[in-house]
Amino acid sequence: MFHLEPRPQTSKLWIAITPLLAVVATMIAGGILFAFLGKDPFVSIRLIFWDPLFGDFAFYYRPQLLVKGAPLILIAIGLSLGFRAGIWNIGAEGQYIIGAICGAAVGLAFYPMESWLIFPLMILAGALGGTLWAMIPAILKVRYGTNEILVSLMLVYVAEKLLASMSLGLLKNPEGHGFPGSRNLRDYASAFNDELFAGTGMHWGVAAAFIAVILAYVLLNRHMLGFQIRLTGQAPRAARFAGVNPPRLILFCLGTSGMLAGLAGMFEVSGPSGQISIDFNTGYGFTAIIVAFLGRLHPVGILLAGLLLALTYIGGEIAQGQLNLPAAAIQLFQGMLLFFLLAVDLLSNFRIRLNQRKESI
Amino acid sequence: MDLSAIDPMLLLASLMAASTPVLLAAIGELVVEKSGVLNLGVEGMMITGAICGFAIAVESGSPMLGFLGAAVCGALLSMLFAWLTQYALANQVASGLALTMFGLGLSSLIGQGYQGIKPPATHDLNIPLISDIPVIGPILFQHDPLVYFSIALVAAVWAMLKFSRAGLILRSVGENHSAAHALGYKVVRIRVLAIMFGGACAGLGGAYLSLIQVPQWTEGMTAGAGWIALALVVFASWKPWRVILGAYLFGGISILQLNLQAVGVNIPVAYLAMAPYVVTIVVLVIISSDRKRVSLNAPASLGRVFHASH
Chain X
0 MFHLEPRPQT SKLWIAITPL LAVVATMIAG GILFAFLGKD PFVSIRLIFW
50 DPLFGDFAFY YRPQLLVKGA PLILIAIGLS LGFRAGIWNI GAEGQYIIGA
100 ICGAAVGLAF YPMESWLIFP LMILAGALGG TLWAMIPAIL KVRYGTNEIL
150 VSLMLVYVAE KLLASMSLGL LKNPEGHGFP GSRNLRDYAS AFNDELFAGT
200 GMHWGVAAAF IAVILAYVLL NRHMLGFQIR LTGQAPRAAR FAGVNPPRLI
250 LFCLGTSGML AGLAGMFEVS GPSGQISIDF NTGYGFTAII VAFLGRLHPV
300 GILLAGLLLA LTYIGGEIAQ GQLNLPAAAI QLFQGMLLFF LLAVDLLSNF
350 RIRLNQRKES I
Chain Y
0 MDLSAIDPML LLASLMAAST PVLLAAIGEL VVEKSGVLNL GVEGMMITGA
50 ICGFAIAVES GSPMLGFLGA AVCGALLSML FAWLTQYALA NQVASGLALT
100 MFGLGLSSLI GQGYQGIKPP ATHDLNIPLI SDIPVIGPIL FQHDPLVYFS
150 IALVAAVWAM LKFSRAGLIL RSVGENHSAA HALGYKVVRI RVLAIMFGGA
200 CAGLGGAYLS LIQVPQWTEG MTAGAGWIAL ALVVFASWKP WRVILGAYLF
250 GGISILQLNL QAVGVNIPVA YLAMAPYVVT IVVLVIISSD RKRVSLNAPA
300 SLGRVFHASH
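Residue numbers (numbering that gives the first Met the number 0), protein chains in the order written: chain X, 0 to 360; chain Y, 0 to 309.
Everything labelled a hint here was simulated from the structure, so no lab data went into it.
Where hints are given, some of them may not hold.
Reference excerpt, derived from the structure (chain Y facing chain X, CB under 8 Å, subset only) [stated by the list, open to error]: (1) Phe101; (2) Gly104; (3) Ala230; (4) Val282; (5) Val284; (6) His306.
Listed next, with one range per pair, are the computed distances between beta-carbon atoms [stated by the list, open to error]: (7) X:Phe209 <-> Y:Leu182: 52 to 62 Å; (8) X:Phe209 <-> Y:Ala178: 13 to 23 Å; (9) Y:Ala299 <-> X:Asp278: 37 to 47 Å; (10) Y:Ala178 <-> X:Phe1: 18 to 28 Å; (11) X:Pro111 <-> Y:Gln215: 27 to 37 Å; (12) X:Asn183 <-> Y:Tyr86: 48 to 58 Å; (13) X:Asp278 <-> Y:Leu167: 35 to 45 Å; (14) X:Phe1 <-> Y:Arg188: 48 to 58 Å; (15) X:Tyr143 <-> Y:Leu244: 15 to 25 Å.
To give an idea of the interface, some chain X residues facing chain Y are shown, with a C-beta separation under 10 Å as derived from the structure [said to hold, decoys possible]: (16) Leu331; (17) Gly334; (18) Leu337.
Ideal placement from N, C-alpha and C gives every residue a C-beta, glycine not left out.
Please work from the sequences and hints to get the whole structure.
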């Protein structure tokens, strides 16, 4: 009937169009799913994608877009560097948790002292915590050739257990009447990551996300290291002949993505979330993988994809409240998005040609 | 702390049951990887199998139907992955991750009405005479049928890969897909079948968790078991019998840490609960530090996309 013909070069046009195609396909498939659940598909899609931006309560939801988008973008930018070079850091969720624990721990250690130095110290601690956590798979890969996918993922579970232990033990609020969870950093001015402009949702994490986008863009397009990352992803052997040092690249990519994930966790715990608690992490580290792919591993694409996924989070909450749509439906929706994206990717690497009838010889 | 409260007999007796879910998932994934495909979606297929098996068993009242349904659901879900990687030629790592996320979402959606329900019980297979032997009887011969099925499955996979023509073809596809294609074997079709087998096994393993081991349904109940199954395949150097060894080692550690928690050792619960994951990492490091052995044993075409132009 038809066959696939490899394109000599991946089509730039299709690379830009396919994410949009995937979003549309997900909306259609999601609508069918919602219809199966007994909800009006058009209302649900409108609630998820339209109301947070232009609905009656948009003034409340628009800032949320930045609040939820920032950690996704921050983490996804880091992941995209590694993904480009074929280094798969799947454990961003763990690095996010450790960054949050380290950041909060430093802040709480100074309680109740007030000083402008505390918040920068917390940022450093969060970045360092995430970096070190990501260095475990990195060093194991460089030194022993251990698969970084499995190790970084196992460390997510270790980090989750550590988080539980911290919120029940070391970091527990001594005045919390025995409830698990740390002191709320909202009540501690020096450590609180407040909105920079009231009512915009813009906190330091959002600023960091924008800076990360710009720096990643410069790195990938204007810097030798970025060139090496791209080269390694496309032709590992050629990269080695061109003088790329693979272990250094592994350490850099995993370290950077760990640092950004740690930062995201730190900004989250000191701002929107406010405290270390057992259920502090909500899967941003995994959703960021979808963001990175949907954004085509390109910094600007990731910025847009991060905002879109943030929209599905917010819209999902609205749909949950108004339509009783189960929370899991949104998770499924996000998973579908990645599926469709990978499927339509075919179009950017191949041409679909109808089979000609074979001429007789 | 009273370590003598841990009964070594009971510990050993529960070891086989605790290892069965990862054993089932790992032997399925081994076949998939032998055919040259890396399916990182084991966790997603496992948890989907867990809820599908659970739901079917609860609705029908028959645990065996539940297991069957779980295998079918796992295989169906793996078809998505098969379609993406074999026909749409997508990256296998990304597709596997997508499968896991999709499966986690799907399972919690299906599982909404099933929390806090008890599934119908699966009865242990009490083989007369040998199950009454002291010590050995309770450890080896008083389990449910699935435990024996999992071991039989490993034996069957081993025999199939080693002695049968089908096994030889499967391995050749995994080692060098271009050569296999040139010989006239249907690379894509063989891989799709292998992926479906892996999905069915992962589904079974998940159902074992929700129907026998726990037994109830909680969201995210696999808690990384699928990923540990993936690690086991590496640990086993792609050899079926070693999968049993790895699975029982892992099962032993999870049982031991649960028992230590129950006895109340001085180590905080959270740190004990980390043990299975940390041990998996340590074992992976030990295995992969011998690079030559890994590169000799891993299927040469593992994770590579196959596209025949003719």
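Hint-by-hint comparison with the structure:
1. Phe101: OK, holds: Phe101 (chain Y) within 8 Å of chain X, min 3 Å.
2. Gly104: For Gly104 (chain Y), the interface hint holds, since the closest Cβ of chain X sits about 3 Å away, which is under 8 Å.
3. Ala230: Interface hint status for Ala230 (chain Y): holds (5 Å vs cutoff 8 Å).
4. Val282: 10 Å, violated
5. Val284: Holds, because the Cβ-Cβ distance from Val284 (chain Y) to chain X comes to roughly 5 Å (cut-off 8 Å).
6. His306: For His306 (chain Y), the interface hint holds, since the closest Cβ of chain X sits about 7 Å away, which is under 8 Å.
7. X:Phe209 <-> Y:Leu182: 52 to 62 Å: Given a distance of about 55 Å, which is inside 52 to 62 Å, the answer is holds.
8. X:Phe209 <-> Y:Ala178: 13 to 23 Å: 51 Å, violated
9. Y:Ala299 <-> X:Asp278: 37 to 47 Å: About 44 Å separates the Cβ atoms of Ala299 (chain Y) and Asp278 (chain X), which means 37 to 47 Å holds.
10. Y:Ala178 <-> X:Phe1: 18 to 28 Å: 27 Å Cβ-Cβ, so the 18 to 28 Å window holds.
11. X:Pro111 <-> Y:Gln215: 27 to 37 Å: Violated, since Pro111 (chain X) and Gln215 (chain Y) (Cβ atoms, about 45 Å apart) do not stay within the stated range.
12. X:Asn183 <-> Y:Tyr86: 48 to 58 Å: 52 Å, holds
13. X:Asp278 <-> Y:Leu167: 35 to 45 Å: At 50 Å between Cβs, range violated.
14. X:Phe1 <-> Y:Arg188: 48 to 58 Å: Once the Cβ atoms are compared, 18 Å apart, the range 48 to 58 Å for Arg188 (chain Y) and Phe1 (chain X) is violated.
15. X:Tyr143 <-> Y:Leu244: 15 to 25 Å: 21 Å, holds
16. Leu331: 3 Å, holds
17. Gly334: 3 Å, holds
18. Leu337: The hint holds - Leu337 (chain X) has a Cβ within 10 Å of chain Y, the shortest such distance being about 4 Å.
Hint compliance for this structure: hints 4, 8, 11, 13, 14 are broken, all remaining hints hold.
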